[in-house]
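Whenever a hint applies, use it, and build me the whole structure from the sequences.
2 protein chains.
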Amino acid sequence: MTSTSATPSPSGEPGKTAAKAPAKDPWELPDVSGLVVGVLGGTGDQGRGLAHRFARAGQRVIIGSRSQERARSAAEELGDGVEGAENADCASRSDVVIVAVPWEGHAKTLESLRDELAGKLVVDCVNPLGFDKKGAYALTPEEGSAAQQAAALLPESRVTAAFHHLSAVLLQDPEIDRIDTDVMVLGESRADTDVVQALAGRIAGMRGVFAGRLRNAHQVESLVANLVSVNRRYKAHAGLRVTDV
Amino acid sequence: MTSTSATPSPSGEPGKTAAKAPAKDPWELPDVSGLVVGVLGGTGDQGRGLAHRFARAGQRVIIGSRSQERARSAAEELGDGVEGAENADCASRSDVVIVAVPWEGHAKTLESLRDELAGKLVVDCVNPLGFDKKGAYALTPEEGSAAQQAAALLPESRVTAAFHHLSAVLLQDPEIDRIDTDVMVLGESRADTDVVQALAGRIAGMRGVFAGRLRNAHQVESLVANLVSVNRRYKAHAGLRVTDV
Numbered sequence: 001m002t003s004t005s006a007t008p009s010p011s012g013e014p015g016k017t018a019a020k021a022p023a024k025d026p027w028e029l030p031d032v033s034g035l036v037v038g039v040l041g042g043t044g045d046q047g048r049g050l051a052h053r054f055a056r057a058g059q060r061v062i063i064g065s066r067s068q069e070r071a072r073s074a075a076e077e078l079g080d081g082v083e084g085a086e087n088a089d090c091a092s093r094s095d096v097v098i099v100a101v102p103w104e105g106h107a108k109t110l111e112s113l114r115d116e117l118a119g120k121l122v123v124d125c126v127n128p129l130g131f132d133k134k135g136a137y138a139l140t141p142e143e144g145s146a147a148q149q150a151a152a153l154l155p156e157s158r159v160t161a162a163f164h165h166l167s168a169v170l171l172q173d174p175e176i177d178r179i180d181t182d183v184m185v186l187g188e189s190r191a192d193t194d195v196v197q198a199l200a201g202r203i204a205g206m207r208g209v210f211a212g213r214l215r216n217a218h219q220v221e222s223l224v225a226n227l228v229s230v231n232r233r234y235k236a237h238a239g240l241r242v243t244d245v
Numbered sequence: 001m002t003s004t005s006a007t008p009s010p011s012g013e014p015g016k017t018a019a020k021a022p023a024k025d026p027w028e029l030p031d032v033s034g035l036v037v038g039v040l041g042g043t044g045d046q047g048r049g050l051a052h053r054f055a056r057a058g059q060r061v062i063i064g065s066r067s068q069e070r071a072r073s074a075a076e077e078l079g080d081g082v083e084g085a086e087n088a089d090c091a092s093r094s095d096v097v098i099v100a101v102p103w104e105g106h107a108k109t110l111e112s113l114r115d116e117l118a119g120k121l122v123v124d125c126v127n128p129l130g131f132d133k134k135g136a137y138a139l140t141p142e143e144g145s146a147a148q149q150a151a152a153l154l155p156e157s158r159v160t161a162a163f164h165h166l167s168a169v170l171l172q173d174p175e176i177d178r179i180d181t182d183v184m185v186l187g188e189s190r191a192d193t194d195v196v197q198a199l200a201g202r203i204a205g206m207r208g209v210f211a212g213r214l215r216n217a218h219q220v221e222s223l224v225a226n227l228v229s230v231n232r233r234y235k236a237h238a239g240l241r242v243t244d245v
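Keeping their order, the protein sequence lines are chains A and B.
Counted from 1, the first sequence has number 98 at position 98 by my numbering; the numbering is strictly sequential.
Counted from 1, the second sequence has number 82 at position 82 by my numbering; the numbering is strictly sequential.
Simulated from the structure, these hints should not be mistaken for laboratory data.
All of these numbers come straight from a predicted model, not from anything done at the bench.
Mixed in with the good hints, there may be bad ones.
When chains are identical, the list treats them as one kind, so a pair holds in a single copy or across two.
Unchecked claim - Below, simulated PhoX-like cross-link-like pairs (lysine-lysine); rule was C-alpha separation at most 20 angstroms, straight line:
1. Lys120 <-> Lys24
2. Lys24 <-> Lys235
3. Lys108 <-> Lys133
4. Lys24 <-> Lys134
5. Lys24 <-> Lys108
6. Lys120 <-> Lys108
7. Lys235 <-> Lys108
8. Lys120 <-> Lys235
9. Lys235 <-> Lys133
10. Lys133 <-> Lys120
11. Lys108 <-> Lys134
What follows is the structure, given as structure tokens:
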């Protein structure tokens, strides 16, 4: 890869840090099995899929929706102890809150839940995309990315971004035992990204990989437009693995 | 993943096209063994690395530089029949021209080679990145991406984008026989992206995967900022594999 500086990065980076004190093992992640996972937009395909995977992994899961009734009926269908609640209730009762709402409702939903999400670990997995005859393309939120919009709207929450590149079809298919893919996790605080990585690792086949700060979330969100093209060309449900890690 | 429409894409996409006439096998790629590969910026780390890999795979390779002397001395070091030439000479004598110049010189170099690159298949692999204390971050070219800038500056060339996520360290290391990674290939014409995919497939361990049109190049270029973070955290030379493909 060719970049702005003379530094042959990213390849040059490991050498740069090698002289420093030994870093903490990046695979030493906390035990998150006791955390309650809330999923806003939990009645949508992506939300239902994630709820199914986390519940199946033994995590306590609450799916949120604008309508309590819809949330409860979706939860009942999912089984595995998944609960359904109104978004505000889901947010206040959960330790980690995954934001899986459609991009159109993203800002409005988060604004309305500012109090309930205060102090919570928020995981944004929204991909702002447009679609036309030529396929999908990236939209650029004013804040830079959906995750940065969330961080701007939720100053008292700990905002991270993850779970962008998963196929909702695979997530929701109960016949599929493993989903072999990596989950890129972005955030500003290592304690928070470690928790999200550990959560990703609870799902069979998945691995959470730290992939930078929120200012680099846009390209991770937008890459879904490329996966749409991959899926069309190869009739696949494409995901990503990070190699050499 | 959650997107703008109700369509559960990218997962929903395969189903959409399933009703159409059977598509051409996406892995049926042309024989490119006879093509001459030019590498502009061939004396830089990325350029030298790609030249080494293509020459090793049996491809005829010409590396280009502003200085004929520097190009020739780099070519001699590389061996395997690699030639060195001034950029203009490299461009006119090659069938496929890889652009591996630093982002700062990108527009100027391409503008100056418009005539030599007319009719050629151009493969842009430049990642516009900035670096500061917090690491790497994406720059956004006025045209949307380096590849779109190339397409705007070279209206008579066939512009594609590929080879963004490769570690220059691994590419250049003669002890490494295989580089197990996928190469995302973007472009407007299937004939062109097929050639670039086939070229990627000439390198041991690599596979060229079609990943969309040039309007979706920015996120592919920018993702290198995330790989820089991955490399720092895990002391790795990260690359990417596309799963389920």
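Starting from the hint list further up, note which numbers the structure goes against and sort them upward. Numbers 1, 3, 5, 7, 8, 10, 11, in rising order.
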